[in-house]
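Protein chains: 2
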Amino acid sequence: MQKYQLAIIVGACLFGASLFLVSAKPVAVAQAQQSTVVLNADGTMQLPTGFRKWVFVGAPLTPNALNDGKANFPEYHHVYIEQKNVDAYLKTGVFPEGTVIVKELTRVLDPKFPDGSRTEPSGRGYFNGEYNGIDLTIKDSKRFAKTNGWGFFTFGHHPLPYEKSAAEKPVSECAGCHIANVASTDMTWIQFYPLLRDKKGY
Amino acid sequence: MQKYQLAIIVGACLFGASLFLVSAKPVAVAQAQQSTVVLNADGTMQLPTGFRKWVFVGAPLTPNALNDGKANFPEYHHVYIEQKNVDAYLKTGVFPEGTVIVKELTRVLDPKFPDGSRTEPSGRGYFNGEYNGIDLTIKDSKRFAKTNGWGFFTFGHHPLPYEKSAAEKPVSECAGCHIANVASTDMTWIQFYPLLRDKKGY
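Residue numbers (my numbering), protein chains in the order written: chain A, 1 to 202; chain B, 1 to 202.
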């Protein structure tokens, strides 16, 4: 009878321990921390957080000085994608539904020359200055069917703090350029992102 | 007696499940995957892997065309640091012993203009081309005391594949420039890395 009770107690303890371990789910927590992108019921999106520790894929740079002072985005375009979606793309060549691509604009550090460059010990060139805005796109083939399955949002084009929520941008401001130029690569500028373009892995 | 056996079986199953969950240790595995930097007993270092999913901190760019064709590193400098060390720096202002900073060089995509730029739908500027080399530095105040606590290694300045191991570089090739210019910021170019410089978090 003591053995019977002992077995019950051991079983209960182990069951409890199992529940604790299952409920801890460290991988799920890590994934949740990695993505805090929230689409509200009214169609607006909340400002994402934590994206600066997502996977960096590229930093195109179109300085104002090289664009008659009229570049649409005269900053570095730091582009980030969550690792799980990069993994999926590398495996399948397709971005999963829900994929978010963040473009954080970062000013060129104090330009000194007409081309926007400055001189540092490493040479004349461009260096990363102040954060200056976020645009992002999210894949939802049903919700954003009219713009090839991707919705576009901006949280401001200025220094921090950014707007806390944003409505979908009109086609003319974001999606139009993607539709015109990169419809064949699922609306994304893969050709500028070595990790996704060249598929050499991490 | 059947209940007794059932309790034993349930207990055994739960114990097994517990062991499986404990041995899986997903968090520890993730951390291990994030850092594979290995210093060999002979002082050489093994080529790191997985660094393209570390935290990106900046992308200085010093095109050859802006440096009389003689830039030391005419590529984008994609700079990555493991998250645990970025976290520590953001908290304490000091890089922990063992911190590794990777600079992966990435060519400017097919230059068309004398300044090395090209024109794309987003404007005239610079876009990320092919991977072209890795330099890294690792903090070990005792081992590298002669170069202010940091050792410098390069795994080639050319397209993939990179060298699989590397010996410490002479002071004249790497550390010298850091000693001359950034000794006061622990040998690191923090002034070009918004995440570390401006401390706004992720």
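Simulated from the structure, these hints should not be mistaken for lab results.
A hint or two may mislead.
Copies of one chain are not kept apart here, so a pair can be met inside one copy or by any two copies together.
[To be verified] Pairs of lysine to aspartate or glutamate residues, derived as DMTMM-like cross-links and limited to a Cα-Cα distance of at most 20 Å, are as follows:
1. K199 <-> E130
2. K146 <-> D115
3. K84 <-> D198
4. K146 <-> D42
5. K142 <-> D186
6. K169 <-> D110
7. K142 <-> E168
8. K169 <-> D140
Hint check:
no., hint, verdict
1, K199 <-> E130, "between (31 Å within a copy, 11 Å between copies)"
2, K146 <-> D115, "neither (39 Å within a copy, 39 Å between copies)"
3, K84 <-> D198, "within (18 Å within a copy, 28 Å between copies)"
4, K146 <-> D42, "within (18 Å within a copy, 60 Å between copies)"
5, K142 <-> D186, "within (14 Å within a copy, 51 Å between copies)"
6, K169 <-> D110, "neither (30 Å within a copy, 32 Å between copies)"
7, K142 <-> E168, "within (14 Å within a copy, 54 Å between copies)"
8, K169 <-> D140, "within (15 Å within a copy, 49 Å between copies)"
Of the numbered hints stated above, those contradicted by the structure are hints 2 and 6, listed in ascending order.
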